[in-house]
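Throw the hints in and build the complete structure from the sequences for me.
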Amino acid sequence: MNHEHVHDESHEGHADAQPGGLASERRPGELAFTIVLVAFSGFLLWEAYGISGFEALSGPGAIPMATTFVMLVSAVILLFKAARLKLTADETFMVDITPPLVLVLAAFLVVYGLLLKPLGFLPTSALFLVASIKILARRSWGFTITVGLGSLLLIYLIFRIVFSVLIPAGIIPEAEIIQFFRNLFAGGA
Amino acid sequence: MDAFLAFFTIFTHLELLLLVGLGTFAGVYVGAIPGLSVTMAVSILISFTFSWDVLPAISLMIGIYMGGVYGGSRTAILLNIPGAPSAIATALDGYPMAQRGEAGEAIGTTTVMSFFGGLIGIGVLALLAPFVSDFALKFQPRDYMLLAVLGILLVGSLSSGSLIKGIFAGAFGIAIGAVGMDPLTFTERFTFDIPLMRGGINFIAVMIGMFGVSEALMQLHHVNKDAVRQQINRIVPSFGTIKKYLPLSLQTSSLGVIIGALPGTGGDIAALMAYDHAKRVTKNPERPFGEGAMEGLVAPETANNAAVGGAFIPMMTLGIPGDAVTAIMIGALFIHGLNPGPMLMIEKPDMFWFIVGALVCANFFMLLFGLTGIKLFTKIVEMPRAVLIPLILLLSIVGAYAVNNSITDVYWMLGFGVIGYMMRHYGYPLGPVILGVILSRLLDDNWRRAIISEREDLGRFFHGIFTSPLSLVLFMAVVLIFVSQTPLWTKFRKKESS
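If you read the sequences in order, they're chains F and E. Just so we're aligned, residue 1 is where the first sequence starts under this note's numbering, counting upward by one. Just so we're aligned, residue 190 is where the second sequence starts under this note's numbering, counting upward by one.
Simulated from the structure, these hints should not be mistaken for laboratory data. There could be a bad hint or two in this list.
Stated by the list, open to error - What follows is a set of in silico ranges between Cβ atoms, one per label pair, in the way DEER data are often shown: (1) F:104 / E:288: 34 to 40 angstroms; (2) F:25 / E:376: 42 to 48 angstroms; (3) E:376 / F:185: 50 to 56 angstroms.
To be verified - Calculated cross-link-like contacts (lysine to any residue; reagent style SDA-like; alpha-carbon spacing at most 25 angstroms): (4) E:564 / F:39; (5) E:564 / F:154; (6) E:568 / F:117; (7) E:568 / F:135; (8) F:81 / E:607; (9) F:81 / F:39; (10) F:117 / E:641; (11) E:568 / F:156; (12) F:81 / E:608; (13) F:117 / E:385; (14) E:680 / F:85; (15) F:117 / E:391; (16) F:134 / E:680; (17) F:81 / E:641; (18) E:327 / F:58; (19) F:134 / E:410; (20) E:327 / E:576; (21) E:564 / F:58; (22) E:568 / F:146.
Here the structure is a predicted model, which means the values were calculated and not measured. Glycine included, each C-beta is placed from N, C-alpha and C at the ideal position.
Structural data, given as structure tokens:
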């Protein structure tokens, strides 16, 4: 246990007043990230040029070209800076940047997005909450299901009933159920 | 004068009063729970309240904003984890105080001082904003453009991070804001011939992704961290303590209002600058800074709450956000058909006075909730992250979906969540991205107006800048930000301080 890796929170950037990252060393993946930024900015600049070219200073492409140019220049400067720094020896990409939990939860989110339309909000969210709480808390199934479904019910009541947010119904006819209860109360009053 | 009566609207309408109270209560806890930030809460909330009337929606958001800026201090003191970005400096001396068994005193003083700072901020807003908006009528399009650029740059230059990363983030935001049909010429911009992109990228999806999803993913690094319980004694501070720190709190409140009023910079930067200020001016603290100095607690807490009132000044008078939260509120006002800026102050001054009233009300609620409910508080804050993180993610998804009932927005949100997560890891500030998105349209419109009025001539454009005192000041401020980053300037500063 003594050799357990210590994750330094100060690299995470809690606020804009103190953004994360390392100033004197390069974090794992930073070089690749900066290269992606350079390529992305270059591509956007090319796209921006395609909007109206150098036709007029007041053209629709003027500000897009100016901003993407600024993006490209700053990304290139950052690339040179990052390339000159030494890679930190204290961190690895799979532990400090994208640990397995982050990848798993990100995958869950993608699956959530795919299932939301066909299954509907309630079943998808129930699956998502139970699965992620189980993986994160590593407690019994009883705890996981009670907490997961309980909080889902609370969220549903608050947002569906109080805020009247529309959500994909999917396989559960929840609008009909709500209407049934409304009629019940309206009839009883 | 009639408009001023709107100040009392909040106090005479029970429903609105309750919403501000509810918002402040929620804000204190949102601010206190690490992983939930005000920016996140307000950006998720905007999607849920957009079908409401404007007054209730604004009441709730103002409550959350005021409560949230304060709430972070409690976790900072009790757990050494700043619950919100604006409480980073509070932990430096607050936690050592708690370790000495003075948590109650620390919380009590923090609350009263936050209240005090908040009132000063609101006072300055009420007195100054009408003048600023009169003055703002004289602003030329190029002045708006320069002000927007200045706001985006300021975050990067006043923070401890890299200005270049701030510039990249800001430019990225402006580019995101430009996606879709150009409103003047109906030319497609960055749409890649995909029909769905013509309507642009929903800024709420960008905000929820950047502040909600990225934070939740970041919190996964600390799922198993246990909270440390602290003993809490008497919480209401003595009059003597308050009186003693009043002069310092006046200074740091003023600093807070100014930082808040600068476009782009808000409570988090104000708090850190106020802490530095307190360190400089306090000659003989009872305890050294970092070991439980009361001054180190008073300074950031007055400043960050004073910055709230300050941040509303450019938002209400110029339509330029004072910080990330006011950037989101501008979005909320847009959704409700209001266009913040000098014209809003002239056409709907009652809206301004209503907001001032709501802020005052939220400030009193903050004092009330700050001095009570400590038992409930410790329970809520100890909510395990293993449950909290999935809930934040779920709320983010519901929020992004609710805006347009569109799955596409959910995908945008997830995408920006991942981008925001990576940007944070590598030290890119996220505030400038949101400012860029919100200010993109204003920047674009005003640039085109300015250059057309100068007959597309850059020489005339710069001649205009150099012959108008206001434009010149703004232009010099932008130039100064760049000069302050050059090696020459750093050398000069070093020489001066030695």
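### Query
Any hints this thing doesn't respect? Which numbers, in order?
4, 6, 10, 16, 17, 20 and 21
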